[in-house]
Each structure stands twice: as structure tokens, then as C-alpha cells.
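K.L.:
Each chain, written out:
Protein chains: 2
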Amino acid sequence: MTDSTAPLAYIESHLDDTLDRLFALMRVQSVSTDPAYAPECLKAAQLLANELTGLGFDARVAPTPGHPMVVAHHDGPGPHIFFYGHYDVQPVDPLNLWRRDPFDPAIETKADGARIIVGRGASDDKGQLRTFVEACRAWKETTGALPCKVTILFEGEEESGSVSLDPFLRANAEELKADFALICDTLMWDADTPGLTIGLRGMAAGEVTIHAARRDLHSGLYGGAARNPIQLLATILGEMKDADGHVTLDGFYDGVDPVSADVRKSWDALGFDDGEFLGDVGLRVPAGEKGTDALEQIWARPTAEVNGIWGGYTGEGFKTVIPAEAHAKVSFRLVGRQDPDKVWAAFEKHVRDRLPADCSAEFASRGPGSPAVSVPSDSPPLAATRAALDAEWGKAALIGCGGGIPVVTSIRTILDMDTVLVGFALPDDNIHSPNEKYELKSFHKGMRSWVRILGALGEMKAAKTVQAAAA
Amino acid sequence: MTDSTAPLAYIESHLDDTLDRLFALMRVQSVSTDPAYAPECLKAAQLLANELTGLGFDARVAPTPGHPMVVAHHDGPGPHIFFYGHYDVQPVDPLNLWRRDPFDPAIETKADGARIIVGRGASDDKGQLRTFVEACRAWKETTGALPCKVTILFEGEEESGSVSLDPFLRANAEELKADFALICDTLMWDADTPGLTIGLRGMAAGEVTIHAARRDLHSGLYGGAARNPIQLLATILGEMKDADGHVTLDGFYDGVDPVSADVRKSWDALGFDDGEFLGDVGLRVPAGEKGTDALEQIWARPTAEVNGIWGGYTGEGFKTVIPAEAHAKVSFRLVGRQDPDKVWAAFEKHVRDRLPADCSAEFASRGPGSPAVSVPSDSPPLAATRAALDAEWGKAALIGCGGGIPVVTSIRTILDMDTVLVGFALPDDNIHSPNEKYELKSFHKGMRSWVRILGALGEMKAAKTVQAAAA
Numbered sequence: 000m001t002d003s004t005a006p007l008a009y010i011e012s013h014l015d016d017t018l019d020r021l022f023a024l025m026r027v028q029s030v031s032t033d034p035a036y037a038p039e040c041l042k043a044a045q046l047l048a049n050e051l052t053g054l055g056f057d058a059r060v061a062p063t064p065g066h067p068m069v070v071a072h073h074d075g076p077g078p079h080i081f082f083y084g085h086y087d088v089q090p091v092d093p094l095n096l097w098r099r100d101p102f103d104p105a106i107e108t109k110a111d112g113a114r115i116i117v118g119r120g121a122s123d124d125k126g127q128l129r130t131f132v133e134a135c136r137a138w139k140e141t142t143g144a145l146p147c148k149v150t151i152l153f154e155g156e157e158e159s160g161s162v163s164l165d166p167f168l169r170a171n172a173e174e175l176k177a178d179f180a181l182i183c184d185t186l187m188w189d190a191d192t193p194g195l196t197i198g199l200r201g202m203a204a205g206e207v208t209i210h211a212a213r214r215d216l217h218s219g220l221y222g223g224a225a226r227n228p229i230q231l232l233a234t235i236l237g238e239m240k241d242a243d244g245h246v247t248l249d250g251f252y253d254g255v256d257p258v259s260a261d262v263r264k265s266w267d268a269l270g271f272d273d274g275e276f277l278g279d280v281g282l283r284v285p286a287g288e289k290g291t292d293a294l295e296q297i298w299a300r301p302t303a304e305v306n307g308i309w310g311g312y313t314g315e316g317f318k319t320v321i322p323a324e325a326h327a328k329v330s331f332r333l334v335g336r337q338d339p340d341k342v343w344a345a346f347e348k349h350v351r352d353r354l355p356a357d358c359s360a361e362f363a364s365r366g367p368g369s370p371a372v373s374v375p376s377d378s379p380p381l382a383a384t385r386a387a388l389d390a391e392w393g394k395a396a397l398i399g400c401g402g403g404i405p406v407v408t409s410i411r412t413i414l415d416m417d418t419v420l421v422g423f424a425l426p427d428d429n430i431h432s433p434n435e436k437y438e439l440k441s442f443h444k445g446m447r448s449w450v451r452i453l454g455a456l457g458e459m460k461a462a463k464t465v466q467a468a469a470a
Numbered sequence: 000m001t002d003s004t005a006p007l008a009y010i011e012s013h014l015d016d017t018l019d020r021l022f023a024l025m026r027v028q029s030v031s032t033d034p035a036y037a038p039e040c041l042k043a044a045q046l047l048a049n050e051l052t053g054l055g056f057d058a059r060v061a062p063t064p065g066h067p068m069v070v071a072h073h074d075g076p077g078p079h080i081f082f083y084g085h086y087d088v089q090p091v092d093p094l095n096l097w098r099r100d101p102f103d104p105a106i107e108t109k110a111d112g113a114r115i116i117v118g119r120g121a122s123d124d125k126g127q128l129r130t131f132v133e134a135c136r137a138w139k140e141t142t143g144a145l146p147c148k149v150t151i152l153f154e155g156e157e158e159s160g161s162v163s164l165d166p167f168l169r170a171n172a173e174e175l176k177a178d179f180a181l182i183c184d185t186l187m188w189d190a191d192t193p194g195l196t197i198g199l200r201g202m203a204a205g206e207v208t209i210h211a212a213r214r215d216l217h218s219g220l221y222g223g224a225a226r227n228p229i230q231l232l233a234t235i236l237g238e239m240k241d242a243d244g245h246v247t248l249d250g251f252y253d254g255v256d257p258v259s260a261d262v263r264k265s266w267d268a269l270g271f272d273d274g275e276f277l278g279d280v281g282l283r284v285p286a287g288e289k290g291t292d293a294l295e296q297i298w299a300r301p302t303a304e305v306n307g308i309w310g311g312y313t314g315e316g317f318k319t320v321i322p323a324e325a326h327a328k329v330s331f332r333l334v335g336r337q338d339p340d341k342v343w344a345a346f347e348k349h350v351r352d353r354l355p356a357d358c359s360a361e362f363a364s365r366g367p368g369s370p371a372v373s374v375p376s377d378s379p380p381l382a383a384t385r386a387a388l389d390a391e392w393g394k395a396a397l398i399g400c401g402g403g404i405p406v407v408t409s410i411r412t413i414l415d416m417d418t419v420l421v422g423f424a425l426p427d428d429n430i431h432s433p434n435e436k437y438e439l440k441s442f443h444k445g446m447r448s449w450v451r452i453l454g455a456l457g458e459m460k461a462a463k464t465v466q467a468a469a470a
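Sequence order for the protein chains is E and R. Using numbering that gives the first Met the number 0, the letters of the first sequence correspond one by one to residues 0 to 470. Using numbering that gives the first Met the number 0, the letters of the second sequence correspond one by one to residues 0 to 470.
Looking at chain E on its own, in the form it has when it is part of the complex (with noise of 0.2 Å):
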């Protein structure tokens, strides 16, 4: 059963036809900002509803009070998957940058011989999700089944807030619930490495004020005696981070582990260059923590910043001012098992502590935060699907993130599962961009992939008892 030898043939036999349902769903003008291509938008939905009927999917278009989504269920021996894409696609103006109609795409050779499929969607999201879609056709189509039970959700509102993604998460988690959630729309590593992501930082975030003064004085008559609260919240900002860039607040630390021995080693096979990453912006010098290096700060530990700061008299000019008030908004990055509620509680505490008896604080925290979303690199999903993309590629990376994706986050807080993300786009794909496109490399080397992951996953022992049952 998950012998991946037919299937693998069969995305060999058929490329034309896969690119010819890339394009006939690309064609589809699913702009979901735009409220005048709604239509398009549950047009794109339908499409991809009839096609996995077609495939023996139980599937529907599931109404949002926004765009629709596609909910599709099918049966399978091995571990219950959720997978995750996006029928919608950004807007494509400025029309006239780009070389083509955005959505009349096509096949070109760029000037080294590589072969791009151009086109609004060509990688985000929809060549990407129908790699996932094709792979299953092929294990159908030689097979009669699929390696693992699957359960699909295809979003149509993440280019525009994703406004009903969560509402609908919980509404139907029962139903939506697998063992793990697996995504395919994030970048590889390099064009010949595809990435797998096993880690997203979680945030807390909020804002202070600090007040002095019941108005502005002027410093001439007061300052001196009266509280400066600029420099009090410079002083309180600046005790934030020692000297060695680790960030002072109590317990800040608790749940960040370091980096496992397996994980160093693939960084360090990645090749990656501190000085060339900061150079691209202008920098050179590692900011964080004294003794990591600048992939495990973005990777793999919490920050502490300072995102907005404004007081006192900032026009042209001066003004002898000592306000009554300043105010910093901050953030917080956060890894492993930091607690977005107890770090921002640090915050506030930190800041108290350091308030004289005249002064005050007031803050206004950014709701409850979110957790950080790692993959253990030795959970078995992850083990699976790293072992199938070194089937095909010869080499995968292990990943972090140094930002959320929401839908991670909604996928492990309303629905209690952890996400593989595996992604085939590049940084040159121009997602958001006029003449967007995608390697037609990466869309070959992507179905092959999925193949093989669904085939792995599939001799997997179901990691835990699956709750949800399908519909």
C-alpha cells in the first residue's frame, strides 16, 4: 500500500495534465479583497469541491459569513491528516507591470533554461496546494486509495485577514480535528533544498504609559525635581536586556530550551551566512544573546522589543518640555514553552518595579497573546515527512520561523494539533507581485514530494487516538 513507485509514475505520465488543472484553477480570478470577485471566489471554491468528489473525496463548499471554504474528508488507513491551503488569491495591479494577463497563465523559460509557470496564484496559494491535491489523485488513480485518512480545508479569505477562519475552526472542530495538520505554503531553503518548518515564535505584545506629571511643565521651572517620564521609561526599557543582550525580566526564561543536537547539525549543514543575512539590511553585528549566533536568534530564541516609542515635543524645533506622559509599544517573541500571559505579566511587573511613588503605569496588552508553535524534530509526522523529502531531494531543511503564522497558531489553539509546514516557493516567486510564478520544478518536485510524504506518513502508527470522526 505505501510502495510509492505507481503514483510516482503516474505524476510522470501525467504533467500536462496536472499544469492543465493548475491552470484551469489559476484562471479564476479568486481576489478575495476585492467584495466585485466574490463570485470568482466561490467559483474557485466549487471547482475544487467537484474535483475532490471526483476523487472520492466527501467534500462541500462550507458558507462563511465572508468566502466560502472547501471541506473535504476521506477515508485511509494510516494517521488522520489535516491539510491546510488558500483558494484566494492578492490582487494583481499594477496591471501593467506585469508581461502577461494574471490570470491567462502560461509556461516560460527564464534566461538560464529553468522552466516558470507565470500567473496571479502560480505559487501562493495554488500551484503550492495542488501539489497536495495532484499527489492524491495519483495514489488514487493507481492505487484506489489513500496512504492516510484526509481531511483538507481550503481557506478563501487568508489574502484578506482571514477574517472567518477561526470562527469556523470552532465551530466545526469536531469535525476538523486529525492527528497533525501538514501546510504547503511556506518557502524552501534554496532552490534545491525544500524547507521544513518546526518552528514558529509565539508574541506577546502590548503597550505602556508611563505618567509623571498631571500636565506638561516646563523645564526650566521643574526640571530637576519633577520626574522626567521619558527618561524613567528609557531607563525602565533600557533595564529590559543586560549587557549581554539577555532579557532581564523574571522568569523570562522559563520553557526556552535549547537548540537539540539534531537541529544545530542541520542549521549547520545549511550553510548559512550571519554577515551576509545582516549585510543585506545594512548590519553586521548579531544583536541578541552573547553566544548565539544570528540564525538561532531568529530561529530559536525570544525577543524583547521596543516597537514604537513616542513623548514629550517631537516637531521641527525645540521645546523645553517635560512631559506629563510617554508611552512604548513592545513585544515580545517567544519560543518553546514561554508563557504569552506570565511574560507579559513579567513585563508589566518589570516596569512597576522601577516606578517611582509619584509615578504611575498603565497598560493595554494585546489580548492573550500566542503561544510559540514548534514540531519536536523527533515527533514522527516530522520524521516522516523530513525522510520523504530526502527521498526526493536528497536533502530537506529543518526550519525555524522567526514570525507566527496565524493559521498555525488557530490550528494549534482551536483544534490541539501541531502543523508540519512544508513549502516549495522561493523568494524570487514574486507572491503579491506582478508576474508571479512558480518553478515549474518546484510544482513537479512538490507533487513527488507529497506522494512520498502521504506514502510515509501512511506506515506510520496513528500517533494518538483520533476524536473527530470524519463526516
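Be a bit skeptical, because a hint or two may be false.
Stated by the list, open to error - Calculated lysine to aspartate or glutamate pairs in the EDC-like style (CA-CA distance at most 16 Å, straight line):
| id | chain 1 | residue 1 | chain 2 | residue 2 |
| --- | --- | --- | --- | --- |
| 1 | E | K440 | E | D92 |
| 2 | E | K318 | R | E206 |
| 3 | E | K394 | E | D267 |
| 4 | R | K318 | E | E206 |
| 5 | R | K289 | R | D241 |
| 6 | R | K444 | R | D100 |
Simulated from the structure, these hints should not be mistaken for lab results.
Since the structure of chain E is provided, determine the placement of chain R on it from the hints.
P.N.:
Just chain R, lined up with the frame of chain E:
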């Protein structure tokens, strides 16, 4: 010659006349900021010049690119004193908040029985400058001479930026230079205690910009590895003061002297209440150096203040940005012999010493700054003035002034003279506001004070050779 019995008696017997002359000056609508009142400004200058000519002064209306100056000289046996005042006034709007026509002055009686002179300029500065002119008249009318050689300068642009003052002082320095200067444009300590200002703090100020990456960065992609210039600026500004409130810049305290025992004793006698002073603006902890009280902090200690700060995202909501740069406006109030250029240079060094190798700082100093101005408490003119005030009021407060008064700095830097500031105004005089008033007691005892001061100064030996000859 310096027995003031007769001139004091003259004041007593001519009170109504002195009021008539004050009212005549107050009826002139010499609002300097509004060009429509330029003829009135000229009229006020002519009135004063004519009056001084009548008193035997060699007086003239001296044109400037703006409103004219009144310059007058009178010979005398004692030291050569320079008296500054201004004949222009603030605008009167909102007119509907005045109890009477602001240019139709009158005596009103307050609920507590005290009589007040009401009208624009009653206190600032027509009433105050007239206390000096009437004292000169009293000496002339009763003795036929003045106890000192006197040069008077009345400005007509004090309320509109003193644009012509410095060029005029420079162009006429030789004519205007005297042994020391006297000004009557400040406050009393309280209703029973005239103020004798012995120090004005100086200033060094400017702007600093910290540059990090060459563009704004996403804190997910770069956070941790890329230097955050706001955090860096906060740390640098925070480290500008230690935990005890001392400024940490190299050599910052060079030229700062402790308060002398004489001055300290005088201050202790004032009964200044730190809690009340700070409580008025909602504070209660003196913010300056440990071991100093609020009065010393505002009058005799230098400061380092951040008057404005800005960087990153400061709008509604949140943006996880690491900005390319961060900015602050910084100022230092100076005392004693602190050198504004050296203080600013020490600030620049403090910043540069704390920059990582890939960041830079840009500075915009606000010109050369101004040194502090102070009159030692044992200087002969101050001692003579203080003794005269003691004789009239039973006491006099040696007070500091936390801010600068531009004309005093101009007199110091252009005419190389110390200034003794004597004031009879009260904080509730509504200067610059509707219903401006001057206590009749201030006017009466102010004239008597100047009679005594002129007498006391006349007994001084000229402190130094007067280089400038009267015209």
C-alpha cells in the same frame, strides 16, 4: 547725597502723580506682536523718552528693524548701572474675559481690601519699569541728582521674540556697557518678600538620531539578530543618569559648585515646601540627585532631560517593526561654570561610546548653547541691593531661576555684565492673561525699594573701571 529720606518722602507725597503717569503709559496700546499696533509702540517709546529727557536724561528713541528702543543716559557719582525694561505688552484677547477695557486702567479693591492696578501692562512690564523711573524722579526732584550714573534701555519687542535686541546690543555695546545691570521684570518670592534672582541656569540642547538597519525590518524575520535602535537609544538615555540621579556624562559636573552657606541659609529661611511645590503638579518625589532637595534641584543643580522621543510605529494598533532609526531631543540645564559646548560634546561621546559597530549616531546641536548666569551672593551690587530691600521690606529672598531669561544672557555675553534681577510681581498678576494686575503695594514699595537701592548702590565704590563713556 545718598540719604534717601527726602526721595522716600517725595514718593509718599506724590503717589497719585506716579499712578497718573503709570496709567498714561498703560493707555498706550503697545502690543508688539501685532503690526497694526506699531504706531502705539512708537508712541510708548516717545512717551518714555520725553519723560526721561524731562528728568535730565540724555534720552532718545532709537530705531531698529522692529519696534524702537528707548536709550537714556544720566551722569552720577556712583557706579554706572544699566537698567533694562520693556514697554511692549501682550495682546489682550480674549477681550470678553476682562472686567474692564484693558487699556483703560483703574484701581480696584479686592475682597481682602488690598488695592490693585488693573489693565494690560500693569505688572508686565510697565508697572515694574515705572517703579525704577519714579525712583529716579524722586531723587532728581529732591536732590537734583542721581546717586549713580544710569543708563536705561527700554525694549519694545520683549513680548514678540526680542528679534532686534541682540543686534542692537552688539551695535551699541560701547554706549550701553556699564558696571552691572538691573532688571525689574520678575516675581517676588511671596507677597511680603521681594525676590533677588542670583542665578539663571544655562542650556545645551540638541537632537540625536540613532541609525541601525538601512530600512525598517519585520520583527519576525529579524527580531533578535537585528539591532533595535529604539532599545539602543533607551539604553543610552537610561545610562545618562545613575540610580541616584547623578548625570554620568564625562566631566559633566566640572564647574558645578555646591550652594554656599549664605545662600543655603537664605533658602532655608524661605520655608520652601518640596511637597507643596511638587504636589501642585501631581508629584511628590524630588527627582534630582540624592541628597539634594527640590529647591536646590531647580535653582542650583544641572539637569539632563529628554524633552522628546520618537521612533518606530506610534499610531493606533500595532506593527511588529524594528525601525531603521530612533530620535530624541535632549537638553541640559547648566549651572556655575559648566561649558555648554563641553557638555554637549560629552553627551555625543556618551552616545558614541555605546554604539555597536554597525550603528551610527547623528547629532544636531542647537547652536552654541548658553552658559549659566549667576551673581555671587557676596558681589557688592547684590549685597547693596539686598541691604536696600531688607531696609524696605524687612527681608529679601535670594532666589535661583531654573530657566534662562534671554536678555540676561544677552547682557552677559554681549555687554559682559552681571545682572541683578529685582522683582515685585506676584504669580497671580495674570500677566499675559485677561485682568492683568499689579498690587498697589508692589508699585508703592517697589518705587521706595528703588529709591533705597539707588542710594545704596551710590555708596558702593565703582566695582571696576567703566570703559564705555556715556554718550
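K.L.:
Hint by hint, say whether it matches the structure.
P.N.:
Evaluated hints:
For the proposed pair K440(E) and D92(E), the alpha carbon gap of about 27 Å is over 16 Å, so the pair is violated. Distance check on the hinted pair: K318(E) and E206(R) sit about 11 Å apart at the alpha-carbon level, within 16 Å; holds. A C-alpha spacing of about 13 Å is found between K394(E) and D267(E), which places the hinted pair at or below 16 Å, so the restraint holds. Taking the CA atoms of K318(R) and E206(E), the gap is about 11 Å. The hint holds against a cut of 16 Å.
As the CA atoms of K289(R) and D241(R) are separated by approximately 10 Å, the hinted pair is consistent with the 16 Å bound. Taken as a hint, the K444(R) and D100(R) pair is broken in the structure, with Cα atoms around 26 Å apart against an allowance of 16 Å.
Checked against the numbered hints above, the structure breaks hints 1 and 6 and satisfies the rest.
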